[in-house]
Amino acid sequence: MKETLSGKRVLFVTGKGGVGKSILSAALGLSFRRAGHRPLLVEFYPDKRLGNIFNIKAQPYQETAIEKDFTYINISPADALAEYIRRQLVLDVISKFVINTKFYRHFSSTAPGLKELVAVGKLYDLEKKRDDEGTSLYDPIIVDAPQLGKFVPFIRTPRSVMDMFRIGPVRKEAEKVNGLILSNRCSVIMVSTPDEMAITEALEAKKELSSMSKPALSAIIVNMAVSNRISITDTGYYATRLQEIAGNQASRDGIMDAVKMFMTYATMEKKAVRGLNDAVQDIPVLTLPFIGMDDDELSIAESLSAHFDPLITGAP
Amino acid sequence: MNEQPEVIVCVGTGGVGKTTISSAIGMAGALRGKKTLVMTIDPAKRLAQSMGIRELKNVPTPVPLRSLQQCGQPIRGSLDAMILETQTTFDNLIRKYSSSPQKADAILNNSYYHYVSGELAGSEDYMAMEKLYEIKKEYDYDLIVVDTPPARHAINFLTAPNRLIQLISSGVLKWLIRPSASVSMIGFNILNRAPQKIVKLLKSYVGLEIVEDLTEFFSEFNDLYSGFKSRAKEVNALLASPRVQFYMVTAPTRDAVDEAIYFYSIMKEYEINFAGFIVNKIHPPLYNDAARSKSGRIISTLDQDDPLRITLEETLAMDSIAINDQALIASLRAKVRSQKIQYYLSSLIMDRELTNLCTLVTIAQALDGVIG
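Which chain is which? The protein sequence lines are A and B, in order.
Read in my numbering, the first sequence has 220 at position 220, and its numbers run on one by one without any break.
Read in my numbering, the second sequence has 119 at position 119, and its numbers run on one by one without any break.
By construction, these hints were calculated from the structure, which means they are not laboratory data.
Treat the hints with care, since some could be wrong.
Listed next, the in silico DSSO-like pairs over lysine-lysine satisfying Cα-Cα at most 27 Å (straight line) [what the hints assert, rightly or not]:
1) K48/A <-> K57/B
2) K260/A <-> K206/A
3) K207/A <-> K57/B
4) K48/A <-> K335/B
5) K103/B <-> K35/B
6) K206/A <-> K129/A
7) K150/A <-> K57/B
8) K206/A <-> K268/B
9) K268/B <-> K335/B
10) K68/A <-> K129/A
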């Protein structure tokens with residue numbers, strides 16, 4: 001498999017709600033870390049779903065080590081703007097006062113896109129960070145991005161701000177960030193579940209993204225496919241096998257009922273995934289197995305991370 | 001609930017199947033003989049196809065129900081569907097409340113207006129309610145089902161419209177344009193300098209053009225402000241009326257259930273009639289107890305890569321989701337203890353694809369009680 005993801009500096013992980021974006025962002029980070037990279041996980045929400053997977057207590061807007069060379073940051077837009085003002089108004093007393101005013105609260109909730117711009121802009125700063133030897137401090141930056149539908153407006157934030165602010169430093173800031181997002185260094189990973197409706201939506205989103213041309217979509221991940229390991233879908237095969245093994249008619253029937261129900265579902269799922277693979281020829285489609293309900297999220301992320309290795313190292 | 005609702009609003013986070021459930025409730029209404037409309041936001045094309053409509057439009061479009069005879073269902077009512085276009089709805093509202101077409105154009109071409117109407121979080125939610133109000137006034141549907149925009153937090157739907165109104169009515173931005181006129185609203189004279197400093201900072205950071213755009217926007221908007229505000233009041237009154245019922249669509253996942261509990265804990269602050277939860281995408285169990293343990297015993301006798309072993313392992317994994325689903329539903333019920341709250345459960349469709357109206361009918365039948 002081509003090492004699709006290597007060389008990408010910022011990876012946006014998006015998809016419909018509930019498909020497992022956070023857990024797959026975590027899995028990607030683990031896989032990059034294993035390959036000797038120095039990944040940074042970024043989350044834009046104050047509820048820290050991604051942070052909770054690693055059970056880390058991070059201050060908003062502050063890079064926090066998960067382990068050596070594996071970092072996490074939570075950039076909720078509200079914190080980002082407060083931090084930005086803090087840096088602009090060097091005197092801490094004044095900035096504290098400003099941030100606590102009613103005026104600021106109103107302004108920050110209504111000012112056109114500033115909060116979001118500053119949050120997305122933080123990615124630019126993080127991408128630029130280098131260690132003493134001049135090597136990137138974070139490589140790659142993995143972003144647990146907003147869900148489909150909110151994703152395009154999200155990455156278009158700098159563009160929208162540019163449409164409004166035609167001159168001035170805010171405009172310059174927006175141009176800078178927009179430049180990064182529209183470069184080859186950024187790339188999108190789309191997550192879907194293996195059902196027909198979700199896949200249709202993913203394909204529509206792919207079309208929308210390609211009409212924007214950048215950032216490019218690098219891979220589609222189908223998450224939680226229960227049929228992934230199934231090679232034989234013919235229920236007759238299982239009936240024969242069970243006939244040989246299970247003595248008791250009643251328990252054999254009970255198991256066969258389960259197999260039949262499962263196969264109806266698995267067949268539908270396989271058909272949907274095949275349809276996706278047929279429709280997508282230009283980028284890799286990676287189908288991930290469903291991992292039981294008993295494990296904690298970190299163990300699930302660890303099991304899943306192995307599947308990403310080929311996309312990173314290029315190994316088969 | 002005995003009262004028959006005239007409007008059912010479905011809230012919920014993304015990924016729980018809200019659009020499918022809203023359509024199914026619409027179908028339930030039509031099956032009961034009601035003249036029904038489903039208003040949806042950005043539906044999967046697949047769902048529109050399943051209703052026999054190629055593309056949904058911004059106006060009510062009849063769903064051809066003739067094929068329902070295949071599913072053995074007599075047709076009593078009717079079902080229309082429409083998609084909500086936020087921008088068009090907002091533009092129309094501006095035209096309606098402007099005193100002249102010239103003033104309307106000035107706003108419609110203002111770059112700040114584009115931001116407010118299109119990209120500000122909440123405009124979608126607000127316009128959904130606006131459109132509901134308009135449709136309720138202009139058409140005579142027995143039942144309107146509203147599918148709300150997907151959000152990370154379902155409560156956004158209730159808070160967002162107010163945020164938008166606040167922005168539009170906000171004295172703060174007006175003050176920003178003429179800082180000297182109303183500086184006393186800050187209230188702390190001694191610290192007046194700090195906000196002044198922001199204004200200065202902003203001017204140097206955003207440039208003059210945006211300040212001009214803002215000035216224009218707010219002065220033009222003053223013109224239609226009162227119309228807008230009384231409209232918002234009427235919309236809020238409609239939402240608070242007993243004829244409008246809210247349901248939260250959720251799914252048996254930890255995040256979705258946590259969100260449902262959170263929503264329930266804060267929705268009481270809003271004047272809405274919250275009728276209950278619809279738990280969607282429930283996995284049906286695959287095994288009874290005896291067969292489950294027998295299956296486990298057989299697995300232990302088979303080789304790792306035996307296809308039978310793999311299949312049995314996966315059936316048990318899927319069965320464990322079903323068990324987990326029940327535990328999550330039980331935890332939701334334990335947290336939300338109110339006689340007034342209804343629960344409706346909707347299973348994952350295992351045996352049929354969502355390809356036709358018959359599937360929607362199957363889901364609709366499980367939701368019949370919602371109609372009242």
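Okay, the hints, checked on the actual structure:
no.: 1; hint: K48/A <-> K57/B; in the structure: violated, 38 Å
no.: 2; hint: K260/A <-> K206/A; in the structure: violated, 34 Å
no.: 3; hint: K207/A <-> K57/B; in the structure: holds, 21 Å
no.: 4; hint: K48/A <-> K335/B; in the structure: holds, 23 Å
no.: 5; hint: K103/B <-> K35/B; in the structure: violated, 39 Å
no.: 6; hint: K206/A <-> K129/A; in the structure: violated, 31 Å
no.: 7; hint: K150/A <-> K57/B; in the structure: holds, 21 Å
no.: 8; hint: K206/A <-> K268/B; in the structure: violated, 40 Å
no.: 9; hint: K268/B <-> K335/B; in the structure: holds, 15 Å
no.: 10; hint: K68/A <-> K129/A; in the structure: holds, 16 Å
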